[in-house]
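Position 60 of the sequence shown, counted from 1, bears residue number 243 in my numbering, the numbering being contiguous throughout.
None of these hints come from the bench; they were simulated from the model.
Don't take each hint at face value.
As the list claims (entries may be wrong) - Okay, derived cross-link-like pairs now, DSS-like style, lysine-lysine, Cα gap no bigger than 25 Å in a straight line:
id, residue 1, residue 2
1, K225, K202
2, K234, K191
3, K202, K191
4, K226, K202
What the hints assert, rightly or not - Estimated spans, in silico, between C-beta atoms of each pair:
id, residue 1, residue 2, range
5, R248, S228, 24 to 32 Å
6, Q251, K225, 31 to 39 Å
7, E258, L233, 34 to 42 Å
8, D241, F190, 41 to 49 Å
9, S192, D231, 24 to 32 Å
10, S238, S195, 29 to 37 Å
11, F190, D250, 52 to 60 Å
12, F236, A208, 17 to 25 Å
13, S228, K202, 23 to 31 Å
The model shown is predicted, which means the values in this text are computed figures rather than measured ones.
C-beta: ideal position from N, C-alpha, C; glycine also.
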Amino acid sequence: MATARVFKSGNSQAIRLPKEFRFDATEVEIFRRGDEIVLREKKRSAADILKIFESFSDDFMADGREDQPPQEREEL
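I would like the entire structure built from these sequences, with the hints used as guidance.
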């Protein structure tokens, strides 16, 4: 079982996670489940996704998109 070091950061406690437990996120959710403390990657909300679209320029895909014809495939 892996362990992590607990240390003080300002007035808070912090935990340095081992490399194999790194998150690919900038935020995590934290909650208690019985006597355990659980960390999990925070899921993006619809509002977060809409913020991404706001960063596109006004002329993004101004000419629309070029649809390709359906591919011919062998029947099963």
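Hint check results:
1. For the suggested pair K225 and K202, the alpha carbons sit about 19 Å apart, so the restraint of at most 25 Å is met.
2. A C-alpha spacing of about 34 Å is found between K234 and K191, which places the hinted pair above 25 Å, so the restraint is violated.
3. For the hint linking K202 to K191, the alpha-carbon distance of about 20 Å falls within 25 Å, and the restraint holds.
4. At roughly 21 Å between alpha-carbon atoms, K226 and K202 fall within 25 Å of each other, so this suggested pair holds.
5. Distance hint for R248 and S228: a CB-CB separation of about 27 Å, consistent with the stated range 24 to 32 Å.
6. Distance hint for Q251 and K225: a CB-CB separation of about 36 Å, consistent with the stated range 31 to 39 Å.
7. Between E258 and L233 the beta carbon distance is about 41 Å. The supplied range of 34 to 42 Å therefore holds.
8. Range check, D241 to F190: Cβ separation about 48 Å, and the 41 to 49 Å hint holds.
9. For S192 and D231, the hinted distance range of 24 to 32 Å is satisfied, since their beta carbons lie about 26 Å from each other.
10. Distance hint check for S238 and S195: the Cβ-Cβ separation is about 32 Å, which falls inside the suggested range of 29 to 37 Å.
11. Against the hinted window of 52 to 60 Å, the Cβ-Cβ separation of F190 and D250 comes to about 56 Å, which satisfies the hint.
12. At roughly 20 Å, the beta-carbon separation of F236 and A208 lies within the given 17 to 25 Å, and the hint holds.
13. The hinted range of 23 to 31 Å is satisfied by S228 and K202, whose Cβ atoms lie roughly 29 Å apart.
In summary, the one numbered hint that this structure violates is 2.
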